[in-house]
Amino acid sequence: MSILTSEKAGYMTVNEVTETTRTNVDTGLNGSEVSQRRSYHGYNEFEIAKEEPLWKKYLGEFNNPLILLLLASALISLIMKQFDDAVSITVAIIIVVTVAFVQEYRSEKSLEALAKLVPPQCHCLRNGQIETFLARELVPGDIVHLMVGDRVPADLQGKIMMHLLNDELQSLVIRSSSFEANNLLVDESSFTGECMPNLKTTKEMKNGHENDNEIQEYPCITFMGTMVNAGRGKGIVIGTGENSKFGQLFKMMKEEEVPKTPLQKSMDLLGKQLSFYSFCIIGVIMLLGFWLQGRGLLEMFTISVSLAVAAIPEGLPIVVTVTLALGVMRMAKRKAIVKKLPVVETLGCATVICSDKTGTLTKNEMTVTRIYGADGSRAEVTGVGYTAVGEVICNGEVVTEHSHSSISKVIEVGVICNDAEILPEGLHGQPTEGALIAAAWKLNIHHIRDLYLRLEEMPFNSDTKFMAVKCTPKYGETKEYMFFVKGALERILNNCSKFYNEGHLETLTEKRILEYNHEASVMGSSGLRVLAMAYGPSMNNLVFVGMVGIIDPPRAGVKEAIEELISGGVAVKMLTGDAEETAKAIAARLGLYTAGNKCLSGKEIENMDADELSRVIDNVTVLYRTTPKNKNKIVGALKRNGHVVGMTGDGVNDSVALRSADIGIAVGSGTDVSKEAADMILVDDDFSVTLSAIEEGKSIFYNIRNFVRFQLSTSIAALSLIAVCTVFKLPNPLNAMQILWINIIMDGPPAQSLGVEPVDHDVIKRPPRKVKDPIITRSLIVNILISATIIVSGTLWVFWRELSDNKITPRDTTMTFTCFVFFDMFNALSCRSQTKSVFQVGLFTNKMFVIAVGGSIIGQLLVIYFPPLQAVFQTEALHLSDFVFLILLTSSVCVVSEIRKFLFRKRGRSLYEEEKDIHFIV
1 MSILTSEKAG YMTVNEVTET TRTNVDTGLN GSEVSQRRSY HGYNEFEIAK EEPLWKKYLG
61 EFNNPLILLL LASALISLIM KQFDDAVSIT VAIIIVVTVA FVQEYRSEKS LEALAKLVPP
121 QCHCLRNGQI ETFLARELVP GDIVHLMVGD RVPADLQGKI MMHLLNDELQ SLVIRSSSFE
181 ANNLLVDESS FTGECMPNLK TTKEMKNGHE NDNEIQEYPC ITFMGTMVNA GRGKGIVIGT
241 GENSKFGQLF KMMKEEEVPK TPLQKSMDLL GKQLSFYSFC IIGVIMLLGF WLQGRGLLEM
301 FTISVSLAVA AIPEGLPIVV TVTLALGVMR MAKRKAIVKK LPVVETLGCA TVICSDKTGT
361 LTKNEMTVTR IYGADGSRAE VTGVGYTAVG EVICNGEVVT EHSHSSISKV IEVGVICNDA
421 EILPEGLHGQ PTEGALIAAA WKLNIHHIRD LYLRLEEMPF NSDTKFMAVK CTPKYGETKE
481 YMFFVKGALE RILNNCSKFY NEGHLETLTE KRILEYNHEA SVMGSSGLRV LAMAYGPSMN
541 NLVFVGMVGI IDPPRAGVKE AIEELISGGV AVKMLTGDAE ETAKAIAARL GLYTAGNKCL
601 SGKEIENMDA DELSRVIDNV TVLYRTTPKN KNKIVGALKR NGHVVGMTGD GVNDSVALRS
661 ADIGIAVGSG TDVSKEAADM ILVDDDFSVT LSAIEEGKSI FYNIRNFVRF QLSTSIAALS
721 LIAVCTVFKL PNPLNAMQIL WINIIMDGPP AQSLGVEPVD HDVIKRPPRK VKDPIITRSL
781 IVNILISATI IVSGTLWVFW RELSDNKITP RDTTMTFTCF VFFDMFNALS CRSQTKSVFQ
841 VGLFTNKMFV IAVGGSIIGQ LLVIYFPPLQ AVFQTEALHL SDFVFLILLT SSVCVVSEIR
901 KFLFRKRGRS LYEEEKDIHF IV
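Numbering (the numbering used here), first residue to last: 1 to 922.
Hints are not guaranteed to be accurate.
Quick list of simulated restraints, FRET-style, between CB atoms [as the list claims (entries may be wrong)]: (1) E401 x E425: 21 to 31 Å; (2) M539 x L134: 38 to 48 Å; (3) E425 x E502: 52 to 62 Å; (4) C599 x D450: 42 to 52 Å; (5) E502 x N619: 44 to 54 Å; (6) D882 x D762: 38 to 48 Å; (7) V724 x V850: 32 to 42 Å; (8) E564 x D618: 19 to 29 Å; (9) T400 x L134: 50 to 60 Å; (10) T472 x N24: 41 to 51 Å; (11) M539 x G376: 23 to 33 Å.
By construction, these hints were calculated from the structure, which means they are not laboratory data.
Note that CB positions come from ideal geometry on N, CA and C, so glycine has one too.
Based on the sequences and whatever the hints tell you, model everything.
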């Protein structure tokens, strides 16, 4: 038996599919045929690759340049019997690796989510009887029966049954138990991104598609994972497992590798840089000792290795992990769930955000915004969604149920010719009909439907393009039949002979028809879906009452968020399955499109090669009629152009692009697949939270850089102090316990608190940082060296000043020790921001910093004044004048930094702009 694809089956009749699959539509397959086919096609499920053992995944986390460098330093410390360093470095590594492993393990479930879309059970015809069993048992050629609420278990092509619904099913779909429903409506929004369910027919697809959407091209096929909204049907299984449309997405997701985040790349680069600097320290100190002093190579190697190990900031991985974790927690408070720690920083580098329209930029709630009466009256409708909140306004007056009959009549017809219900738990029915019910609530005429008894319904289908109901009044003596119709304007007008004018009926003229068509064109160009209304005693003698314009409105705050993103250097592109005019109109409302801008359709994207698409994609903001393949191709083209791409979406059709993007952002109301494929989930579907995430991401990177600046400047100062004394055989200004205390401060609370600096809201105005921008830049090195030079010079001067009698006393080391610690505190204060004064940042905005510095100062005072600690640290009490002198001296490191920041601000440049000009990359 040959394998059928949806493309091939779409052109075939039911009989041709039956012959190709060698099945019997009356009896189905028998047991032996099923077994034979399963041995060839396998089960109707997705094969998830065997996962690596947990221990192997855990060890894989160590494959990071910075972690490897720290492991090497811990080993060297152990060999040199510096056990305290070895233990502290090892603990830091274990904490960081464990946190990263847990985050990775929790996030790797995107492929399993696809498997969940195969429903557990289905109804299938086998051996002449309907059987219910697990959907994984299906094989091509099986005959599957569908009913309301079923999730389609495989790709099906075939005979859509036009059965009368039984009472139980009727209660789920229609309002009257005496009505015959004969349409099969399938919700394919998880594929198409459009909220309207699609009508399935028995007609095969014709050459020359009317619809650009890949899924909607096949009205005779129902696809695995879609949901039956109304009607009943049965079809022949043509695709199972990975041979289904879902299977194609599954295979694409398996082929997509999750890209490294920019922060991970920066940390890799930082590991290489620190390795380079460590080797430089070893080499320089060895040469100085060997050539200038004639000391042995082994002795100098031992000294230089010790200093190089001490220079490596083992606290950096912890700071990065803690900073990212706090960023994740802050985003959670803003209703954004970040699944992997490094991801929260990635958005700080994002240069392009590709956003799905429906459900992300718009509310996915159809809303009537305009009403046009047949007499030419126009009304605007306020409020959005399926609620009664809002008003209908005509010529500045609020329309009531009796004030403007021409306007009210339009909604009246729309309510009677309607199957939807708005209940406390939400909309039951089609979105378009829900929009009409909401408009009726605003006019207080929603009860009008209860005044009629429905006798018959002609459902909407793609051929007639209208829906009609035949009714008679429930009350009163008159029992005349009346038809109420809604649908496409041209089809409605073809059956109208009169139009409604404030309670009077007038003959419909050609002039009036031209006016109506012009009004419909104006509505359509504004992105509104036009729905015309009519009523009458027969279907060929109707009275035209007017039309409504319906739209899926933009979400509140989205336009402002897009404007701020664009002003901050982030391009926004809208991807949608809508038609061109609708897509342009929505994009224009959001500030993404102006007349003359270039747009691309899914067909055009499909026909372009990768290079051609890369050349044009930067200048396109609206991409319409896009398919899953298109979206993935768009993300790939942008990444080839060097962009860091954020992709937002809510449907299965977005899942591959979400996975391949640098950061995938799913909305909370989206499918499970999109959420599992994404890196971040917007709980409230609020696109503007993306702006907050970008702000958070940028701040995290600068906080990490501030920490690096502090720790390297302090480390270099401490190393230089010891190295100078060692090389020139001077007395050591600090004893072992004092050096240990300084190391605790360098890697401890004051340093760690720099990583939790509150978000600087001005950071959103900065352009996205480039992925290749290293953490250590030339400008940062200049800052580090200036601070280190001031710290070393000041500390050596205090040591020399106290050592005037050429004898080292506890006072000498206490003054030198306290001087260095105070330098550390003021250096930490200046490192809170690279661009702003400490007074602009606020002295008390970072409570953790205040507590950490305050605790360190109290600890230093205890070391100086508490007798037991005096004995341990070999210190003695200092006078108040000593503290005044030390504070004035050590504050110089902060004063110099403040002057440098001031000069940059005065020249109208930020430190970021300077770093943009010159990078220092090893």
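Hints, verified against the model:
no.	hint	result
1	E401 x E425: 21 to 31 Å	holds (27 Å)
2	M539 x L134: 38 to 48 Å	holds (47 Å)
3	E425 x E502: 52 to 62 Å	violated (39 Å)
4	C599 x D450: 42 to 52 Å	holds (45 Å)
5	E502 x N619: 44 to 54 Å	holds (51 Å)
6	D882 x D762: 38 to 48 Å	holds (40 Å)
7	V724 x V850: 32 to 42 Å	holds (34 Å)
8	E564 x D618: 19 to 29 Å	holds (20 Å)
9	T400 x L134: 50 to 60 Å	holds (56 Å)
10	T472 x N24: 41 to 51 Å	holds (45 Å)
11	M539 x G376: 23 to 33 Å	holds (26 Å)
Comparing the model with each earlier hint shows a violation of hint 3 alone; every other hint is respected.
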